[in-house]
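Trainee: Single-letter residue listing:
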Amino acid sequence: MAQTQSGAEGMLSLPALLHRNATQFGTAPAYREKEFGIWQGWTWAETEKEIEALALGLINLGVNEGDFIAVIGRNRPHLYWSMVAAQSVGAIPVPLYQDAVAEETAYVLGHCGARFVIAGDQEQVDKVIEVQDQLHQFEHLIYLDPRGLRKYDHSHLHEYSHVQNQGRAARDEFIGELTARREKLTYDSTCVMLYTSGTTGKPKGVVLSNRNVIESAKNSAEFDHLTRNEDILSYLPMAWVGDFIFSVGQAYWCGFAVNCPESADTMITDLREIGPTYFFAPPRVFETQLTSVMIRMEDAGRLKKAMFHSFMEHARKVGPRILDGKPVNAWDRMKYALGNILVYGPLKDTLGFSRVRVGYTAGEAIGPEIFDFYRSLGINLKQLYGQTEATVFITVQPDGEVRADTVGVPAPDVEIRIADNGEIFYRSPGTFVEYYKNAESTASTKDPEGWVATGDAGFIEEGSGHLRIIDRAKDVGKMADGAMFAPKYVENKLKFYPDILEVVLFGNGRDRCVAFINIDLTAVGSWAERNNIAYASYQELAGHPKVLGAIQEHVEAVNRSVAQDEMLSGCQVHRFVVLHKELDADDGEMTRTRKVRRRIVEEKYADIIAALYDGSATVSTKTEVTYEDGRKGHISATLEIRDAAVQPVSPHRVAAE
Amino acid sequence: MLDQAEGYTTADGRKIGGVVMEMKNITLRFGGVVAIKDISFDIREGEIRAIIGPNGAGKSSMLNVISGFYVPQEGEVWFHGSRRPPMRPYEVARQGIARTFQNIALFEGMSVLDNVMTGRLTHMKTGVFSQALWKGPAEKEENENREVAEKIIDFLEIQHIRKTPVSRLPYGLKKRVELARALAAQPKLLLLDEPMAGMNVEEKEDMSRFILDVNDEFGTTIALIEHDMGVVMDLSDRVVVMDYGKKIGDGSPDEVRNNQDVIDAYLGVAHD
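Going line by line, the protein sequences match chains A and B.
When you read off a place in the first sequence, starting at 1, and then add 1, the result is the number in this note's numbering.
When you read off a place in the second sequence, starting at 1, and then add 498, the result is the number in this note's numbering.
Careful: at least some of the hints might be erroneous.
Said to hold, decoys possible - Pairs of lysine-lysine, DSSO-like flavour, derived with a Cα cap of 30 Å: (1) K649(B) with K50(A); (2) K152(A) with K702(B); (3) K605(A) with K475(A); (4) K649(B) with K582(A); (5) K203(A) with K596(A).
The hints are simulated quantities; they were obtained by calculation from the structure and are not laboratory data.
Working from the sequences, and respecting the hints, build out all of it.
Mentor: Below, the structure is given as structure tokens:
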């Protein structure tokens with residue numbers, strides 16, 4: 002491993018990188034945020050001043066080295082600055098999920114013992130105030146947007162800009178202290194602590210050092226030839242390791258500009274206005290965009306529709322090959338060029354992807370059709386595989402070797418090993434330091450030689466050397482007859498239908514598989530509108546016989562395709578139910594990054610699972626739901642259970658019987 | 499109950515100032531129908547004042563008198579210490595009174611931003627010709643007005659529909675756009691005609707939040723008419739209750755709630 006004790010090019014910390022950027026290209030844009038309808042910008046030099054003022058203000062408020070400072074809110078330059086300001090004064094920033102309910106926030110704040118919280122707006126302030134009695138170490142709350150907070154008791158509450166002003170005023174007094182603290186930062190100082198939601202148990206605080214962050218940022222930036230001319234849109238949760246690496250790590254390493262949308266609802270418009278060159282999104286974002294394109298094409302005129310479909314068919318045939326630099330005949334190339342003028346170009350512009358040079362999707366498997374759709378338009382969309390503990394990168398797909406079914410080759414400086422049970426292990430400069438205050442979990446995840454267990458099962462493909470993921474290692478099981486049970490495989494196949502949002506497959510230790518299905522309200526709602534189907538609520542739409550019929554067709558189609566797979570043909574869905582509510586992170590059914598928590602879903606809906614297996618035609622159930630403000634309520638429903646046709650299980654077994 | 503000049507302090511500690519508008523013995527007739535019968539009350543600076551009553555009580559007529567749309571046959575309207583002569587609605591608007599309507603009155607074909615900008619019209623001074631030429635003062639003025647409009651769009655969280663034609667919006671959002679247009683005029687007194695009508699619980703909660711925030715953030719005096727008793731009692735500092743064109747109660751929400759006449763009017767007691 003090419004690691005240097007002195008740090009990459011002498012840059013030991015993010016504040017050091019900030020200083021380098023501010024000195025070497027101070028007038029280049031560092032941050033932009035759309036506010037009041039206009040993109041407001043800050044150069045690197047201005048950014049350094051803003052961060053310094055805040056850091057001085059934090060010292061003035063009494064922040065000590067080693068303190069934890071929690072940051073909660075939507076992506077805004079000021080909140081990114083708070084994290085770097087925290088590092089500058091020797092404190093440790095802990096970004097939190099802004100949509101977490103008060104209880105979760107209380108757990109995390111209590112676990113790290115945060116003395117300071119920097120919150121985006123009233124909503125977040127209220128959440129912290131609600132739980133502050135449970136927090137013994139909590140002292141001061143700093144807020145960014147003063148709206149609605151005028152009447153609050155300000156003895157422990159400070160406005161962000163006031164903290165900065167006090168910092169500026171006290172510059173002479175504290176600048177020596179700040180410089181001294183900044184210089185004490187080493188390559189092994191903690192850079193950030195990120196809580197992983199995890200599909201089981203309480204969140205764990207992953208401690209990442211400057212080495213982890215800077216080495217990972219450097220390696221990945223070199224891998225994709227990122228320069229300081231990139232533009233990215235930062236809209237993913239700040240508490241997520243991916244956002245920290247892209248919007249802070251790589252942005253500071255390369256010196257490119259971070260653009261923050263006006264609000265979560267304007268993301269698509271802002272994406273289009275910025276036209277990022279480097280883009281990152283979970284599959285869900287690509288799915289949503291594709292769904293909206295398809296819905297709009299349904300409403301388009303005949304000529305447009307015909308043009309769209311004929312050129313898209315051509316793009317699917319040759320687009321990915323052109324992107325990969327493979328030979329394509331001149332006629333096809335010409336037709337593709339024409340399509341680019343008439344269809345692909347305008348479409349990419351509408352989607353905001355005209356300038357994308359490198360795009361990544363990760364976090365979940367992406368449907369091959371969706372993946373190919375974007376690649377065929379000429380968007381260099383790639384997959385990577387990573388986790389918080391690895392500071393994102395484990396494997397990435399190099400340009401020209403992009404496929405929907407693999408996650409690529411080991412990232413630079415990353416070593417990979419597959420254990421006998423199929424579990425993937427890795428070792429890299431990005432390997433996390435420890436789980437905070439949890440030596441036991443640290444020891445069970447990371448061995449003394451630095452190998453980390455991912456918890457995912459997979460294998461390295463012969464020939465290409467690409468890694469393929471099968472499923473979460475602990476989710477892979479055996480059915481009653483000994484056949485392999487890998488739920489993700491079937492779930493993903495179903496989720497690739499636009500009307501299906503989420504699927505949970507059950508069958509471990511059973512004789513057959515059954516499934517829970519969530520419909521996608523946008524896609525199904527639009528379909529209902531076009532077909533004059535009236536509905537008053539999500540629940541009513543989800544239970545509509547026509548919707549159930551459509552879903553049944555999808556399930557049966559998937560069963561036919563699953564039956565082709567020798568290993569997994571036992572995982573066909575025999576019976577299914579369309580749930581009356583969406584699985585939701587607020588109810589603990591999913592993580593904040595929207596991964597299903599199987600055990601919890603299994604416990605919570607035990608009655609429905611029982612009904613799926615005992616052959617009943619309907620099931621009445623009462624479910625507890627949590628509202629956004631943390632209050633609880635119940636919804637009752639009677640759900641119809643449907644049987645789906647299954648294919649006879651693989652020929653050799655039939656023969657054996 | 500109140501000191502005429504001094505004002506009072508609300509339960510949550512807000513200082514309410516002197517009288518902004520006073521209605522003195524207002525009577526309004528349409529032919530033989532008496533819509534409002536000899537009603538007097540005042541609206542004080544910084545307060546949220548509600549007018550409630552059963553259907554046909556004369557609430558909307560009252561609001562139209564305040565906004566200058568109707569001129570009462572008897573009685574006087576006093577605004578900022580002077581008696582207001584009969585006025586055209588645009589003259590009233592120039593005095594710093596803005597309103598929203600019970601059945602939304604937006605320009606359906608125009609975008610949200612353009613609708614909000616129309617709220618700035620009373621603040622525009624450049625003439626048609628310089629606006630058509632679009633250089634110098636007209637451009638500067640437009641930018642200033644746009645800034646005000648954008649701050650209100652941000653405040654009411656409607657950035658995502660800034661460029662959307664109003665006709666494509668759902669009802670709840672249209673109501674919010676109407677509020678935005680009224681606020682764009684930076685009124686001293688804001689009149690809301692049934693701001694929650696036809697909304698679901700969540701939309702009502704949002705709207706209540708916005709009304710309280712407007713009052714808190716800009717110090718705008720608000721007079722509102724509302725059907726939903728729960729909302730009114732939570733929002734307002736003082737409530738006027740009307741029934742059959744007469745005032746039957748006036749006071750804090752608690753006082754009004756315990757007023758026998760009000761209870762009768764709402765529970766339905768036979769009228770003579």
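Trainee: Going back to the hint list, which numbers does this structure go against?
Mentor: 4
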